[in-house]
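Participant: Let the sequences and hints guide you as you build the complete structure.
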Amino acid sequence: MRGRPSLQSAPMLEREQVLHVAKLARLQLDEAELRTMAVELSAVLDHVDRIRELDLADVEPTSHAVDLAGVMRADEPMPCLDRDAVLAAAPEPVDGGFGVPSPGPSDE
Amino acid sequence: MTELIELTAAEAVAKIRARELGAGELFEAYRERAAADELNAYTWVADAAPDPVPGHDAPLAGVPVAVKDLFCTIGVPSQAGSKILEGYRPPYTATVVDKLLTAGSTLLGKTNQDEFAMGSSNENSAFGPVLNPWDRRRVPGGSSGGSAAAVVAGIAPWAIGTDTGGSIRQPAALCGIVGMKPTYGACSRYGMIAFASSLDQAGPLTRDVTDAALLLSHMVGHDPQDSTSIALPEPITVPTAEDLTGVRLGIPEELLSGGEDGTGIEPGVRQSFEAALKLAEGLGATVDTCRLPHAPHALSAYYLIAPAEASANLARYDGVRYGLRVAGDADLKTMYERTRGEGFGPEVKRRIMLGTYALSSGYYDAYYGTAQKVRTKIAEDFAAVFAEFDFVVTPTSPWTAFELGAKTADPLAMYFNDFCTVPMSLTGIPAISIPSGLSDGLPVGLQLAGSAFSENRLLNAAYALERAIGFDARGARA
Numbered sequence: 001m002r003g004r005p006s007l008q009s010a011p012m013l014e015r016e017q018v019l020h021v022a023k024l025a026r027l028q029l030d031e032a033e034l035r036t037m038a039v040e041l042s043a044v045l046d047h048v049d050r051i052r053e054l055d056l057a058d059v060e061p062t063s064h065a066v067d068l069a070g071v072m073r074a075d076e077p078m079p080c081l082d083r084d085a086v087l088a089a090a091p092e093p094v095d096g097g098f099g100v101p102s103p104g105p106s107d108e
Numbered sequence: 001m002t003e004l005i006e007l008t009a010a011e012a013v014a015k016i017r018a019r020e021l022g023a024g025e026l027f028e029a030y031r032e033r034a035a036a037d038e039l040n041a042y043t044w045v046a047d048a049a050p051d052p053v054p055g056h057d058a059p060l061a062g063v064p065v066a067v068k069d070l071f072c073t074i075g076v077p078s079q080a081g082s083k084i085l086e087g088y089r090p091p092y093t094a095t096v097v098d099k100l101l102t103a104g105s106t107l108l109g110k111t112n113q114d115e116f117a118m119g120s121s122n123e124n125s126a127f128g129p130v131l132n133p134w135d136r137r138r139v140p141g142g143s144s145g146g147s148a149a150a151v152v153a154g155i156a157p158w159a160i161g162t163d164t165g166g167s168i169r170q171p172a173a174l175c176g177i178v179g180m181k182p183t184y185g186a187c188s189r190y191g192m193i194a195f196a197s198s199l200d201q202a203g204p205l206t207r208d209v210t211d212a213a214l215l216l217s218h219m220v221g222h223d224p225q226d227s228t229s230i231a232l233p234e235p236i237t238v239p240t241a242e243d244l245t246g247v248r249l250g251i252p253e254e255l256l257s258g259g260e261d262g263t264g265i266e267p268g269v270r271q272s273f274e275a276a277l278k279l280a281e282g283l284g285a286t287v288d289t290c291r292l293p294h295a296p297h298a299l300s301a302y303y304l305i306a307p308a309e310a311s312a313n314l315a316r317y318d319g320v321r322y323g324l325r326v327a328g329d330a331d332l333k334t335m336y337e338r339t340r341g342e343g344f345g346p347e348v349k350r351r352i353m354l355g356t357y358a359l360s361s362g363y364y365d366a367y368y369g370t371a372q373k374v375r376t377k378i379a380e381d382f383a384a385v386f387a388e389f390d391f392v393v394t395p396t397s398p399w400t401a402f403e404l405g406a407k408t409a410d411p412l413a414m415y416f417n418d419f420c421t422v423p424m425s426l427t428g429i430p431a432i433s434i435p436s437g438l439s440d441g442l443p444v445g446l447q448l449a450g451s452a453f454s455e456n457r458l459l460n461a462a463y464a465l466e467r468a469i470g471f472d473a474r475g476a477r478a
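Chains as they are written, first to last, in this note's numbering: chain Z, 1 to 108; chain V, 1 to 478.
It is possible that some hints are incorrect.
[To be verified] Okay, the calculated beta carbon distance ranges per label pair:
#1 V:Pro224 x Z:Asp82: 15 to 25 Å
#2 V:Gly22 x Z:Thr36: 51 to 61 Å
#3 Z:Ala89 x V:Glu242: 48 to 58 Å
[Unchecked claim] 27 Å max Cα-Cα, derived DSS-like pairs, lysine-lysine:
#4 V:Lys333 x Z:Lys23
#5 Z:Lys23 x V:Lys83
#6 V:Lys83 x V:Lys333
#7 V:Lys407 x V:Lys83
#8 V:Lys15 x V:Lys99
Read the hints as simulated data drawn from the structure, not as lab findings.
Yeah, the Cβ is synthetic: ideal placement off N, Cα and C, and Gly gets one too.
Facilitator: Structure (structure tokens):
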């Protein structure tokens with residue numbers, strides 16, 4: 001599943017691939033979602049795959065429509081948002097910070 | 001009261017400034033209508049007019065504006081149509097909204113939208129779909145569907161939205177109003193809840209071109225809070241052109257022929273489009289075909305670039321700093337996964353998955369890298385066309401408003417709504433949609449696109465055409 005996609009047409013995504021991508025995206029999907037996701041993503045990938053038929057050798061990529069590079073601002077301290085106002089939106093503010101559950105076991 | 005609703009926003013501004021109308025009276029007339037909204041166009045409506053209402057001498061004279069939910073507004077619900085931002089009231093206000101309020105507009109309400117602006121039917125909202133006022137069994141378009149429906153139904157004088165691949169122009173077309181996406185960078189993105197950062201742009205949704213120019217003129221400008229924002233070379237001015245003498249219109253074969261994958265332009269849309277071209281010729285414009293050879297690949301490039309950027313932007317919704325948390329007794333990673341699994345709707349999940357896949361190890365060059373090269377080719381196509389033509393003209397949407405549910409089962413079919421609008425987004429150029437007429441009682445949109453920073457020329461051409469077309473939207477106001 002780590003292999004590069006075929007150049008002809010995108011293969012149907014396997015359940016394991018969908019699970020792997022969902023894990024990368026930290027997204028819990030139920031069984032029904034996993035099934036429809038495999039079909040729908042495969043259909044979209046099959047379509048977008050056509051751009052790889054184009055001859056794009058020596059073409060520079062465009063990451064932004066407007067050519068702006070190295071925009072810098074003056075390095076001056078400025079007031080930031082009020083801590084209490086920010087924490088008011090948090091699900092679990094704890095001692096002036098964001099509370100989170102225990103990290104649990106590592107992935108690897 | 002009914003007469004008040006019939007005023008365009010610019011007319012209302014003029015009347016208030018001439019002291020023939022009170023800003024408070026106008027606000028209350030709209031507030032009452034917005035509070036009684038049956039189209040599900042609003043997610044939140046102001047309780048009362050601000051006190052004091054901005055003065056007669058303010059440029060926007062207290063004329064209220066409806067704001068797409070995804071613009072952060074201090075203390076006011078701002079959820080981008082998503083359950084994952086349930087209850088979120090931001091501690092700050094988006095620059096664009098701030099500028100409008102500074103110019104003397106007032107916040108009427110927040111409008112419904114596709115979740116995180118992902119969609120072109122407004123059916124992907126955690127608040128439920130918006131109904132099209134021309135026919136309530138049909139979609140208003142999206143993602144700025146609430147803004148478009150509110151404006152044409154006369155429950156907002158004007159509104160703002162955002163356009164990533166067509167999200168202002170397409171709902172404007174399907175609702176029979178004017179919608180404009182300015183040059184990328186013209187409006188600050190600060191405080192706009194992000195979808196795809198290299199494409200997202202704010203813009204006006206209004207009853208006519210004059211209103212669009214007036215509203216846009218108070219939205220644009222460089223903002224130190226958004227390093228991609230730029231100052232336009234000249235201020236936006238109210239259009240006055242009476243004809244199109246010497247204006248060269250290019251009709252891109254590739255977008256008009258369609259045909260592939262059901263992208264063909266509907267016959268009624270084509271008729272309305274051709275009638276508008278005739279009117280343009282009558283006004284002195286020349287009309288010729290032009291070529292955008294890579295435009296048919298724009299949609300593919302867009303559906304790699306936008307989801308890729310979205311997958312990164314939406315990583316911030318993790319149940320820690322704002323909005324929904326679904327935890328139980330779970331550890332941190334499980335809390336992330338459950339929160340995101342429950343908080344995001346199906347279309348947002350689909351795009352996060354697509355974007356994550358396209359950016360994952362071993363696929364990045366094949367997908368994201370290739371899509372960015374296609375973007376270069378499309379920009380080169382447009383540059384070649386603008387050497388010979390002033391504007392590219394297409395139907396905004398290949399079809400008129402479709403029935404609710406008609407395309408929800410097939411994401412790819414839904415994506416084709418944006419076939420004619422996405423190429424301009426990838427290139428960052430300005431484009432405007434104006435109503436060109438009705439087809440079977442439903443509005444048809446006409447899109448004009450110009451080179452970067454051509455906003456004033458574009459608004460003038462749209463204004464001249466608008467007057468020749470003489471579209472009447474009163475059929476949508478119950």
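Participant: Could you run down the list of hints and mark each one as holding or not?
Facilitator: Verification of the hints:
The hinted range of 15 to 25 Å is satisfied by Pro224 (chain V) and Asp82 (chain Z), whose Cβ atoms lie roughly 20 Å apart. Range check, Gly22 (chain V) to Thr36 (chain Z): about 54 Å between beta-carbon atoms, so the 51 to 61 Å window is met. For Ala89 (chain Z) paired with Glu242 (chain V), a C-beta distance near 51 Å keeps the hint of 48 to 58 Å intact. Only pairs whose Cα atoms come within 27 Å are accepted, and Lys333 (chain V) paired with Lys23 (chain Z) is accepted, the gap being roughly 10 Å.
Straight-line distance between C-alpha atoms of Lys23 (chain Z) and Lys83 (chain V) comes to about 21 Å, which keeps the hinted pair within the 27 Å bound. This hinted pair checks out: Lys83 (chain V) and Lys333 (chain V) have alpha carbons roughly 20 Å apart, not beyond 27 Å. Restraint check: the Cα-Cα separation between Lys407 (chain V) and Lys83 (chain V) comes to about 22 Å, which is no more than 27 Å; the hinted pair holds. Annotation: proposed proximity of Lys15 (chain V) to Lys99 (chain V) holds, straight-line Cα distance about 22 Å (limit 27 Å).
Violated hints: none; the structure is consistent with every hint.
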